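*Asks:* Following the working numbering, the numbering of the sequence shown begins with 709 at its first residue and continues without gaps.
If you're looking for bench data, these hints aren't it; they were derived computationally from the structure. Incorrect hints may appear among the rest.
Claimed, not checked - The calculated label-pair distances, taken between Cβ atoms and stated as ranges, are:
#, residue 1, residue 2, range
1, 743, 979, 50 to 58 Å
2, 798, 929, 37 to 45 Å
3, 967, 738, 37 to 45 Å
4, 757, 957, 19 to 27 Å
5, 785, 747, 16 to 24 Å
6, 964, 860, 26 to 34 Å
7, 885, 928, 42 to 50 Å
8, 957, 933, 38 to 46 Å
9, 964, 745, 34 to 42 Å
10, 751, 962, 21 to 29 Å
11, 885, 731, 38 to 46 Å
Since the structure is predicted, the reported quantities are computational estimates derived from the model, not experimental observations. All C-beta atoms in this analysis are idealised placements derived from N, C-alpha and C, irrespective of residue type, glycine included.
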Amino acid sequence: MGLVLRQSSEQVAGDALLGETLRGVTAAARAGGYRVLVEALPPGTGGYEEIVRSRQTDGIIVSGPRADDAALSNLARDDFPVILQGWLPRLNLPSVDVDNRAGARAAVELLVRQGHRTISCITNAPLAYTAALERLSGYREALEASSIPFDPDRVVEAEFDAASGYRAMRTLLDRSPDCTAVFVASDVVAFGAMGALRDGSRRVPEDVSVIAFDDIPLAAYFDPPLTTVRIPAFELGQAAGQALLDRVVGRPVAARTLLPTELVVRASAAPPPVTARAVGSSTGR
């Protein structure tokens with residue numbers, strides 16, 4: 709079976725959860741008598757035709773599908789066995805994913821319970837990636853459920869890595885200097901964002917709280933330790949691998965499988981400064 713990664717080689721190298729996901733895919737494949745072929749197919753490069761024509765795989769898992777990936781439509785029409793590790797509602801292809809929306813919602817709800825009213829967001833990736841869009845949707849839903857208006861100026865897109873998180877946080881500090889909390893939809897991106905806060909003389913969490921997403925192994929060793937949403941990476945890979953095996957042999961596969969996430973509370977999120985709470989209360993925000 710094939711595992712196609714819709715990322716650049718640099719993004720693949722920086723994916724701290726890829727090893728666990730691949731271990732899960734491999735476990736499912738071996739249990740079914742298969743091996744795994746891994747192929748990085750960056751956005752903007754050729755489609756999947758060469759992989760299919762090579763006959764080296766009986767089916768593929770597409771990890772990180774993008775909404776603008778027109779080549780996936782051809783695979784869906786050709787009935788080649790494909791499982792999306794992600795979600796594209798416009799395509800009739802089975803999907804296995806974590807519940808990105810619910811995980812993001814839980815993270816922002818914690819910030820709201822702590823008393824934050826000015827909560828910004830840095831995405832994990834461009835919004836063409838469905839995981840980024842789902843996490844942004846969860847952020848927005850949590851705000852609206854708490855009667856906090858959604859402000860698009862408080863949202864900045866990042867691009868998987870710490871450097872983009874640093875740039876995004878600098879942008880947010882310029883746009884929204886009153887921000888007391890930020891939901892960063894990736895631990896790696898959050899690492900850069902926290903660096904920008906330090907360089908801007910903002911303490912975490914005393915001045916600005918940070919909650920992230922993924923729970924990579926290093927998250928517990930950030931300074932301060934990072935509150936984040938844990939992804940079951942091994943189970944995600946295993947479920948995607950099993951779904952592809954079922955698809956190859958003709959067994960029924962659910963249209964969409966969502967694995968639950970878990971909010972891991974550490975030390976990077978706390979109630980906002982007293983002055984910010986007073987301002988929020990007086991303005992009704």
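*Asks:* If a hint holds in the structure, say so; if it doesn't, say that too.
*Replies:* Structure-based check of all given hints:
Judged by the Cβ atoms, the range 50 to 58 Å given for residue 743 and residue 979 holds: they are separated by roughly 51 Å. Distance hint for residue 798 and residue 929: a CB-CB separation of about 40 Å, consistent with the stated range 37 to 45 Å. As the Cβ distance of residue 967 to residue 738 is approximately 21 Å, the hint placing it in 37 to 45 Å is violated. Residue 757 and residue 957 have their C-beta atoms about 24 Å apart, which keeps the hinted 19 to 27 Å range intact.
For residue 785 and residue 747, the hinted distance range of 16 to 24 Å is satisfied, since their beta carbons lie about 21 Å from each other. Here the CB-CB span from residue 964 to residue 860 is close to 28 Å, well matched to the stated 26 to 34 Å. Range check, residue 885 to residue 928: about 30 Å between beta-carbon atoms, so the 42 to 50 Å window is missed. One distance hint, 38 to 46 Å for the beta-carbon pair residue 957 and residue 933, holds here, with the actual separation near 44 Å.
At roughly 25 Å, the beta carbons of residue 964 and residue 745 sit outside the given window of 34 to 42 Å. Range check, residue 751 to residue 962: Cβ separation about 27 Å, and the 21 to 29 Å hint holds. Evaluation of the 38 to 46 Å hint for residue 885 and residue 731 yields a pass: the beta carbon distance comes to about 43 Å.
The structure fails to meet hints 3, 7 and 9 from the earlier list, while all remaining hints are met.
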